[in-house]
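Protein chains in written order, with the UniProt record's numbering: chain A, 1 to 455; chain B, 1 to 404.
Because the hints were derived from the structure by calculation, they are not lab data. Possibly wrong hints are sitting among the right ones.
What the hints assert, rightly or not - The following label-pair restraints were derived from C-beta to C-beta distances:
hint	chain 1	residue 1	chain 2	residue 2	range
1	B	H262	A	V279	46 to 56 Å
2	B	E65	A	L327	33 to 43 Å
3	B	E109	A	G66	21 to 31 Å
4	B	A14	A	D74	49 to 59 Å
5	B	G224	A	E121	44 to 54 Å
6	A	D74	B	H262	30 to 40 Å
7	A	P404	B	P76	35 to 45 Å
Think of the CB as a built atom: it goes at the ideal place given N, C-alpha and C, for glycine as much as any other residue.
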Amino acid sequence: MTTPARDGRIVVVGASLAGLRAAETLREKGFTGELTLVGDEPVPPYDRPPLSKQVLLGRVAAGDCGLPARRPVDARWKLGVRATGLDATRKRVLLADGEELPYDRVLIATGTRARPWPHPEEAALDGVFTLRTDEDAARLAARLDAGPRRVLVIGAGFTGSEIASACRERGLPVTVAERGRAPLIGALGGTAAAFATRLQRAHGVDLRCGVTVTSLRGSGGRLTGAAFSDGSSIDADIAVVALGAVRNTEWLDGSGLAAGPRGVACDAGCRVFTMYGIVTDDVFVAGDVARFPHPLFEYQMIALEHWGNAVAQAEVAAHNMVSPGPLRRPHLTVPAFWSSQFGLNIKSVGVPTFSDQVILAQGRPEDRRLVAVYGYRGRITAAVTVDRAKWLDHYRHLIETGAPFPPAPGAADFHAGHEPVPSDVPDPRVLSHGPTVALTGHLPDRRLTLLRPGG
Amino acid sequence: MPPETLFERITDFAARADPYPLYAELRDSGVARQADGSYLVGTYHEISALLHDPRVSSDPRSRAEPHEDPAATGLPPSFIGLDDPGHDRLRRMVMRPFGPPHSPHRIDELRGEIQRVAGELADALVAKDRFDLVDDFAFPLPVTVICRLLGVPEGDVPQMHTWADAVVAGLDFAPGEDPSPRQRAAREARQAMGLYLGELAEQRRRAPTGDMLSALVHEPGPDGALTRQELMVSAVLLLIAGHETTVNLITNGMLTLLRHPHEYDRLRDHPEEMPAAVEELLRYEPPVQLLPQRSPLADIEVAGVTVPRGAPLILVLAAGNRDPLRFPDPDRFDPRRPDNQHLGFGSGVHACFGAPLARVETHLALTTLLRRLGDLRLVEDSPEYRRSPVLRGPRHLHLEQHRR
Ligand SMILES: Cc1cc2nc3c(=O)[nH]c(=O)nc-3n(C[C@H](O)[C@H](O)[C@H](O)COP(=O)(O)OP(=O)(O)OC[C@H]3O[C@@H](n4cnc5c(N)ncnc54)[C@H](O)[C@@H]3O)c2cc1C
Ligand code: HEM
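Please put together the full structure from these sequences, using the hints given.
What follows is the structure, given as structure tokens:
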């Protein structure tokens, strides 16, 4: 038997992690209709996390990061084609090649792109890179192979820090410039970021915080160096711009949807809002481009650039696209993220920036193995582990159940004397790197795009 | 006479052949305080939460009434009985030459050797009309493999068998019998084993031979080198922890498959399905039935019950593995069960260190047996069990073979 929801035409725009997992889930849930995936990258879906890790170390080729399919997906793939618009009234996705794709339901999964260096002529210098795609990674890895004299990394968020780590592991001199007070401060708050500062310095990174890069200098079209706001300058033949991400929503301009620089707003069931805050029932969103309300974070809208979120949200969106109302599910997974850098495995659950305090609940920074637990107004909202990932489940449970902060005493490796201290979450506007988690307020309306620092 | 507590009924030898109805009772009764002040937990989600709770200790010294450890040898405790950070440090150092990220190939490289040993043991069985799967196959395989892993020379393997035998006998207990002679023998065997392995490590320090002991003394990581005593107890731990557990998984595996002849035939014809079947065996008949050694470091709440600091906390993994709130149709043996996150190897920071090796070993053992042997029949069902309620498995598994 086919129910109406299992039939018809579904278009998925964005053929990467969220798009692929959604397509698989649609088929798994018994969708038998016409399925089309549109992606502007010319290659089948691939995985991005290795691009700043194994690929830059030369252990895996950028072209070998294809995402393994979890099941065969019977679909029409339109790769290498951009979607240029969405006509919500006529229910059509407009493509750059002039084709119009009619849909009964559409999923927006266009993710993000790297924020470019703001000065186009400097950005065009040979040796200036961003890192988001397999091609970016292949080009950058090749240039690192060639043994540059110095690499400049602009922005010390997760991606920037991983790039710096890969360079150091290859023995290359690295300068990292960050406008904020410390690396990772936008993701972890100032207290935990002090750890990241020591880590980078211990690994020989020339770390310069509280400064901005004022210009990239070139000669004969090649990068030769950079100047900083403190008056200093360096010579460098590679600069990687790691200033965070820009959400791919421009193609939705004029669609009437609540889409803007902070992402595409949706309800807990991944249904997209219109610009008036009215929920649609045929437009869904998932992955890095989505912003959605989360009950654990006081129903504020949050936007996550997390691999695990893209997968979980795509599954929920796909389920809801083919399920009648009462069977729909909310997307409530606790955010989780990992990063590997400088030989350490850093993981987080919850939203560390949604906090006012933090405590070292287990371990010690000097042992480079620890669990930091974050609280907001007396509730546990996040935990970050360094090489102690096996404890994460415990803290995920505490976050889910709104357990009191600080966590109850008794952990075997709690070190006496560690007390809750302010988590020191900065205003994102003072950072070079964009935060990978953004709390974007309460209203779905696109006009409300103020960033709200935690605390 | 006071009514027997649930724990007494579980440990009673009469329950050994089929403890599962008692486990169902345990799940129904929630977190059950026993007359002796210990707490028994048998539901999946609670066990899993406790295994990830940093306030739950594995160190016997955390007990309010520390019991005399019958296995005490005068050596420092091994990491299975330590908490972080001490546990973490030792486990990490011992893991370095064993698995990823530093030694990603160690176990793969052992495959050929495991296959050879399993093949030789099976060769000896093919011609027999009747044999004991335990003594003739399941028991010799794991010791030989772990000796090979550590680098114990071929000629000394029989001596290791004898020691391992004595240690395992010491873990067993029979009501009404004085256990002290057995326990003394076990202690002596542990000590002898430790001294032997320490001595061997010294030799490897002078002349490395590419095995795990050589790597342990030659390639210290960022944490430095193990002390001689740490090395001795860790090596003994590997031998003991990986021994009877694997014996029981292989034996329980054959027993379960012989009780499900349809699955037996299917797995013989589809060996590629064996890895999933091994996972199901670890759920359905886990060799480690319960973890008896935990206690909380603070008063903690488990499913609405406060377990006081220092109280013995007994996690019945085998009961959690059959929790209907986690596994649909839990009493059914389903080798193709999806989403099979069983507790057979524990979970959290103490999760079985040797799991990758145990999986490979059991997989190769069972596929070899199914491929090589003729039609088998259980001589007795149920078989005679070992005494231990913790490491549960048949003492013998007599099989009759009709050649095909
Ligand atoms: C270098 C790097 C390292 C990372 N490391 C980690 C990590 O360690 N841990 C972690 O949790 N996360 C990590 N991430 C984040 C993770 O990769 C993302 O969360 C994930 O890729 C999000 O998937 P997505 O499908 O939502 O978006 P994307 O992967 O951005 O995919 C969107 C796709 O849509 C396409 N598209 C955009 N606009 C259009 C249009 N108009 N028409 C057609 N197609 C369009 C894009 O080209 C792209 O292919 C990393 C990301 C990068 C770049
Ligand atoms: C089928 C076989 C096996 C089973 C069912 C099994 C089961 C278990 C379980 C349940 C634990 C957790 C103990 C706890 O939490 O207190 C454990 C720990 C352990 N196992 Fe295994 N095991 C098996 C094989 C092996 C092998 C082959 C080895 C050695 C190579 C091994 C070495 C260890 C060690 C060292 C620990 C302690 C880990 C720690 O405390 O961090 N095991 N095992």
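Quick rundown of the hints versus the structure:
{"no.": "1", "hint": "B:H262 / A:V279: 46 to 56 Å", "in the structure": "holds (51 Å)"}
{"no.": "2", "hint": "B:E65 / A:L327: 33 to 43 Å", "in the structure": "violated (53 Å)"}
{"no.": "3", "hint": "B:E109 / A:G66: 21 to 31 Å", "in the structure": "holds (28 Å)"}
{"no.": "4", "hint": "B:A14 / A:D74: 49 to 59 Å", "in the structure": "holds (57 Å)"}
{"no.": "5", "hint": "B:G224 / A:E121: 44 to 54 Å", "in the structure": "holds (53 Å)"}
{"no.": "6", "hint": "A:D74 / B:H262: 30 to 40 Å", "in the structure": "holds (33 Å)"}
{"no.": "7", "hint": "A:P404 / B:P76: 35 to 45 Å", "in the structure": "holds (37 Å)"}
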